[in-house]
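Student: Taking this note's numbering, I'd label the letters of the sequence shown as residues 9 to 370.
Just so you know, the hints here were simulated from the structure itself, not pulled from any lab data.
A hint or two may mislead.
What the hints assert, rightly or not - In silico lysine-lysine, DSSO-like type, Cα no more than 30 Å apart, as pairs:
| hint | residue 1 | residue 2 |
| --- | --- | --- |
| 1 | Lys118 | Lys235 |
| 2 | Lys360 | Lys306 |
| 3 | Lys235 | Lys178 |
| 4 | Lys178 | Lys140 |
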Amino acid sequence: MISSQILQNTIDGLKGITRMDLCIIDTEGKVLATTFPDGENYVTAAMAFVESPADSQVVQGCQFFKVFDEHQLEYVLLANGDSEDVYMVGKIASFQIQNLLVAYKERFDKDNFVKNLLLDNLLLVDIYNRAKKLHIDTEARRVVFIVETNREKDGNELEKVRSLFGGKSKDFITAVDEKNIIVVKEVLENEGYNELNKTAEVILNLFRTNEEADVHIAYGTIVNEIKEVSRSYKEARMALDVGKIFFEERHVVAYSTLGIGRLIYQLPIPLCKMFIKEIFDGKSPDEFDEETLTTINKFFENSLNVSETSRQLYIHRNTLVYRLDKLQKSTGLDLRVFEDAITFKIALMVVKYMKYMESLDY
Numbered sequence: 009m010i011s012s013q014i015l016q017n018t019i020d021g022l023k024g025i026t027r028m029d030l031c032i033i034d035t036e037g038k039v040l041a042t043t044f045p046d047g048e049n050y051v052t053a054a055m056a057f058v059e060s061p062a063d064s065q066v067v068q069g070c071q072f073f074k075v076f077d078e079h080q081l082e083y084v085l086l087a088n089g090d091s092e093d094v095y096m097v098g099k100i101a102s103f104q105i106q107n108l109l110v111a112y113k114e115r116f117d118k119d120n121f122v123k124n125l126l127l128d129n130l131l132l133v134d135i136y137n138r139a140k141k142l143h144i145d146t147e148a149r150r151v152v153f154i155v156e157t158n159r160e161k162d163g164n165e166l167e168k169v170r171s172l173f174g175g176k177s178k179d180f181i182t183a184v185d186e187k188n189i190i191v192v193k194e195v196l197e198n199e200g201y202n203e204l205n206k207t208a209e210v211i212l213n214l215f216r217t218n219e220e221a222d223v224h225i226a227y228g229t230i231v232n233e234i235k236e237v238s239r240s241y242k243e244a245r246m247a248l249d250v251g252k253i254f255f256e257e258r259h260v261v262a263y264s265t266l267g268i269g270r271l272i273y274q275l276p277i278p279l280c281k282m283f284i285k286e287i288f289d290g291k292s293p294d295e296f297d298e299e300t301l302t303t304i305n306k307f308f309e310n311s312l313n314v315s316e317t318s319r320q321l322y323i324h325r326n327t328l329v330y331r332l333d334k335l336q337k338s339t340g341l342d343l344r345v346f347e348d349a350i351t352f353k354i355a356l357m358v359v360k361y362m363k364y365m366e367s368l369d370y
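Let's have the full structure, built from the sequences with the hints guiding it.
Tutor: Put into structure tokens, the structure is as follows:
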């Protein structure tokens with residue numbers, strides 16, 4: 009349950025304090041961590057010690073100890089040194105590792121609970137019963153972040169995000185698939201979406217040192233009860249997908265900022281195809297040439313302002329008017345009319361959505 013690296017760090021720290029060498033061997037004879045080079049020489053003796061009824065004994069000049077997890081033998085600890093305090097140091101080390109086992113088991117239990125909570129695998133009564141047993145506040149304000157990278161996550165990435173939150177027991181960092189890290193964060197009463205965006209930026213900065221990492225972060229809305237955490241998770245998942253379709257340039261996307269993209273994302277594809285066919289008579293708005301598409305996008309960016317759009321495109325006002333007239337003839341939509349502009353804008357977004365969904369099918 010505990011990684012070899014954690015065990016190694018623990019006995020390295022203990023050696024730094026006590027000046028005594030320590031070694032941890034599992035019940036199958038594998039050396040998991042050691043502070044001296046010849047730990048393998050003690051494996052046979054350790055296996056014999058496992059079968060013995062003693063909890064501690066001296067073998068080959070080393071003090072051996074058994075480390076249990078709820079009466080189940082997990083490790084054999086060796087303390088090696090000339091000092092008279094070797095027994096006491098070994099007992100302290102055993103106690104420390106036993107506490108680690110308890111702490112990691114508790115975290116595993118909480119991790120398992122949070123995963124099932126996110127995936128809606130728990131009945132309402134089970135949510136509150138298990139939360140009570142695990143000492144998890146059921147009425148705290150929380151929000152769910154999803155951190156997606158362009159490669160399969162490893163333990164280091166998970167621990168990196170965990171370290172950011174300082175091991176706070178009120179925040180939960182877990183994973184439900186191969187590419188996403190999930191953060192269930194407690195939100196203080198005086199915190200709002202501005203603070204959440206800052207938190208997302210801090211998480212993003214963790215990965216910016218890796219040039220290969222293409223990271224996207226999405227988060228849902230703040231919920232007030234533990235039973236609503238799964239809703240915030242679903243919102244974050246939607247924000248992640250909608251962000252890829254309509255906000256490609258953003259690395260952080262909040263569910264509350266999705267706007268009309270959220271509605272389009274929930275439309276069935278047949279309905280989208282019917283809409284495009286009715287509006288453009290079978291043509292697709294993304295079939296226009298680059299010049300026309302640039303003109304359209306810039307016109308929308310400038311809130312349908314002809315003067316400002318022509319200035320930013322470095323063209324004469326009459327040239328822009330000519331392009332808009334030409335577009336009106338081919339589509340029947342005049343972008344200078346607000347209602348037509350809305351129809352055209354939605355159509356562009358629908359086409360983007362359709363293309364994204366098609367790409368998932370391949």
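Student: Go through the numbered hints given earlier and state which of them the structure violates, listing their numbers in rising order.
Tutor: Of the numbered hints, all hold.
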